[in-house]
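J.: In case you want the letters, here they are:
Number of protein chains: 2
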Amino acid sequence: MTENKPLTKLSTLGEFGLIHHLTKNIQLKNASSLKGVGDDAAVLDYKDKKILVSTDMLIEGIHFDLTYAPLKHLGYKAVATNASDIYAMNGTPRQITVAIAMSNRFTLEAVEELYEGMYLACEHYGIDLVGGDTTSSKTGLCISITVLGDADEEDIVYRNTARENELICVSGNLGAAYMGLQLLEREKVVFQTNPNAQPDFSGYEYILERQLKPEARKDIIQILRDKKIKPTSMMDVSDGLSSEVLHICHDSGVGCKVFEEKIPIDYQTFKMAEELNMNATVCALSGGEDYELVFTVPLSEYEKLLTIEEISIIGHTCPKGEGYNLVTKDGKEFELKAQGWVNFNGKDE
Amino acid sequence: MTENKPLTKLSTLGEFGLIHHLTKNIQLKNASSLKGVGDDAAVLDYKDKKILVSTDMLIEGIHFDLTYAPLKHLGYKAVATNASDIYAMNGTPRQITVAIAMSNRFTLEAVEELYEGMYLACEHYGIDLVGGDTTSSKTGLCISITVLGDADEEDIVYRNTARENELICVSGNLGAAYMGLQLLEREKVVFQTNPNAQPDFSGYEYILERQLKPEARKDIIQILRDKKIKPTSMMDVSDGLSSEVLHICHDSGVGCKVFEEKIPIDYQTFKMAEELNMNATVCALSGGEDYELVFTVPLSEYEKLLTIEEISIIGHTCPKGEGYNLVTKDGKEFELKAQGWVNFNGKDE
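One line per chain: the protein sequences are A and B, in this order.
Our numbering puts the first sequence at residues 316 to 664.
Our numbering puts the second sequence at residues 316 to 664.
Be aware that a few hints might be false.
[As the list claims (entries may be wrong)] Quick list of in silico lysine to aspartate or glutamate cross-link-like pairs, EDC-like style, CA-CA up to 16 angstroms:
1. A/Lys387 <-> A/Glu431
2. A/Lys350 <-> B/Asp467
3. B/Lys362 <-> A/Asp467
4. B/Lys350 <-> A/Glu431
5. A/Lys362 <-> B/Asp467
6. A/Lys364 <-> B/Asp541
Derived from the structure by calculation, the hints contain no laboratory data.
In this text, all values refer to a predicted model and were calculated from it rather than measured experimentally.
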């Protein structure tokens with residue numbers, strides 16, 4: 316935002332003026348997007364492909380804090396995390412609809428920043444924004460995005476189709492987004508105590524980016540396709556590794572053994588955890604918002620998997636009777652547990 | 316809600332427990348719903364039909380007031396108003412996703428009521444609830460619903476395809492929902508002044524129902540099909556008749572002449588307007604939330620239209636150069652204007 320020029324009140328545009336202003340430059344990219352913004356409904360044509368649909372809601376004060384989350388990043392993240400749900404089905408995201416409620420304190424320039432971030436993510440993931448709703452709120456900002464994607468029926472990967480004695484894999488590394496959040500929260504407290512203090516983020520750029528501008532693992536889906544590896548089950552890691560592994564095992568009727576030493580954790584995540592006296596493994600298991608992919612593959616794919624740098628084998632499934640187990644670095648076994656299964660605290664907490 | 320038995324805190328279930336509790340009895344009705352709640356995304360199959368998608372967001376304090384809107388009605392209304400967007404494209408609603416944010420003050424029983432209303436509407440309109448997101452909010456209740464529907468390409472009716480010298484028609488009657496809202500607001504003030512006062516709604520049951528439990532005009536779509544009348548353009552009346560007629564004319568590049576005396580207004584709407592010293596026509600033009608259908612048809616359909624009791628011919632389109640006109644009962648002509656085009660006050664205000 317340019318601080319020098321006067322900011323524009325939303326009320327000067329009118330609702331339809333605002334929608335027109337925010338959507339006038341849209342050029343539909345996908346052949347399946349027949350008609351976008353501007354009617355009672357968008358019109359799509361998926362021909363013989365199956366339709367994948369997912370919805371997420373982001374609430375100010377619960378999922379994001381505008382003290383440190385720039386609106387452009389927030390817009391990007393809102394779209395990326397939705398795209399992630401479609402990749403997690405082994406599909407391709409194609410369209411989104413965006414519903415936004417915001418209070419009068421938002422200026423046109425602020426809303427433009429938010430949309431700029433959303434359009435940037437749409438560009439990156441090849442998604443068309445085809446509809447939505449723009450309304451006012453009495454308090455905070457609320458964003459709800461529905462994403463539609465396509466897939467051939469035989470390619471779709473569900474979460475309830477893992478089998479016994481398969482490899483459990485995860486892309487990238489875990490816990491970084493959560494440690495980025497802890498760092499931001501720490502610096503926020505410092506700032507509140509001393510508004511002249513400059514935040515100190517040096518050496519932690521990676522974990523900050525993981526929190527503020529996460530990416531959906533489009534690349535992993537492509538790599539798996541190129542290597543002709545089809546996961547037997549898959550989810551994206553939004554609530555933390557434990558929660559997702561438990562979902563897969565519970566829904567598939569299998570048990571699991573996850574090895575702590577195999578869980579991929581970045582150096583900055585370790586370092587930040589140490590600085591804050593936290594356990595990096597716990598952050599990886601329960602932190603959430605990593606938007607990595609966790610999936611199972613048959614043992615026969617083991618050698619192929621070893622050639623993929625971005626994928627870690629973290630354990631294996633087993634008969635249900637053997638339970639859900641975490642094997643610690645010193646060889647002890649604990650039951651794998653997940654916070655999301657206990658507390659009603661919103662999706663990403 | 317039964318006041319006698321203790322109410323259940325949401326925190327006792329956990330997020331996944333709550334989702335399971337709210338969705339466990341779903342039985343998918345549509346052949347196009349392959350997989351509903353329970354994975355990263357729902358899976359749908361529309362075969363050779365086109366996909367219609369629309370999203371709406373309802374915010375507490377802006378779109379509804381829980382002082383007088385029962386949660387069950389609110390759930391019903393949220394689904395019905397979304398279904399209305401699909402009918403307005405001449406399509407059939409098939410699936411919804413529901414994203415909800417609510418604060419700790421909501422009990423399980425309250426959320427159950429809300430979902431009961433949504434399921435009732437799903438039943439009535441033949442819709443499957445296939446996915447969503449459930450999260451917490453710091454303040455009010457926020458509901459965002461995305462509806463998907465299908466249509467054959469040749470059946471879809473857009474809003475930008477009206478032609479000059481066609482009839483402008485509207486279903487049912489207008490302004491009733493708005494007058495219902497005024498009545499509820501009046502009784503709320505009475506209640507706030509004297510909590511022992513009983514609200515007086517006698518003789519106004521119809522306008523109350525239009526506000527609290529509106530229906531989408533599935534029946535009108537069916538009647539038009541049966542009579543082989545295909546509108547040349549169509550919208551649902553959510554923001555008020557003026558706004559929608561202006562949308563159709565503006566987007567189609569035509570002008571219009573709407574006759575005040577032809578605008579269908581119910582007796583209760585007139586009576587309430589009189590009681591509150593308001594102009595019933597203004598309420599019909601600008602009130603909104605009627606969820607009736609406004610559409611254009613060729614002049615050649617005139618005689619067929621006369622046989623349909625539920626449809627009124629309120630005017631006609633004309634060349635763009637003749638402008639957007641309202642002809643009053645005493646024969647004067649005014650420019651048709653709409654509130655939604657001026658103020659940024661939320662969709663339904």
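J.: Against each hint, give a clear statement of whether it holds in the structure.
T.: Status of each hint after checking the structure:
For the suggested pair lysine 387 of chain A and glutamate 431 of chain A, the alpha carbons sit about 6 angstroms apart, so the restraint of at most 16 angstroms is met. A threshold of 16 angstroms between alpha carbons decides the hint, and for lysine 350 of chain A with aspartate 467 of chain B the separation of about 14 angstroms falls inside it, so the pair holds. A C-alpha spacing of about 12 angstroms is found between lysine 362 of chain B and aspartate 467 of chain A, which places the hinted pair at or below 16 angstroms, so the restraint holds. A distance of roughly 33 angstroms separates the Cα atoms of lysine 350 of chain B and glutamate 431 of chain A; the hinted pair therefore is violated under the 16 angstroms criterion.
Of the pairs offered as hints, the one joining lysine 362 of chain A and aspartate 467 of chain B holds, with about 12 angstroms between alpha carbons and a cut-off of 16 angstroms not exceeded. Taking the CA atoms of lysine 364 of chain A and aspartate 541 of chain B, the gap is near 31 angstroms; set against the 16 angstroms cutoff, the hint is violated.
Against the hints set out earlier in the document, violations occur for numbers 4 and 6.
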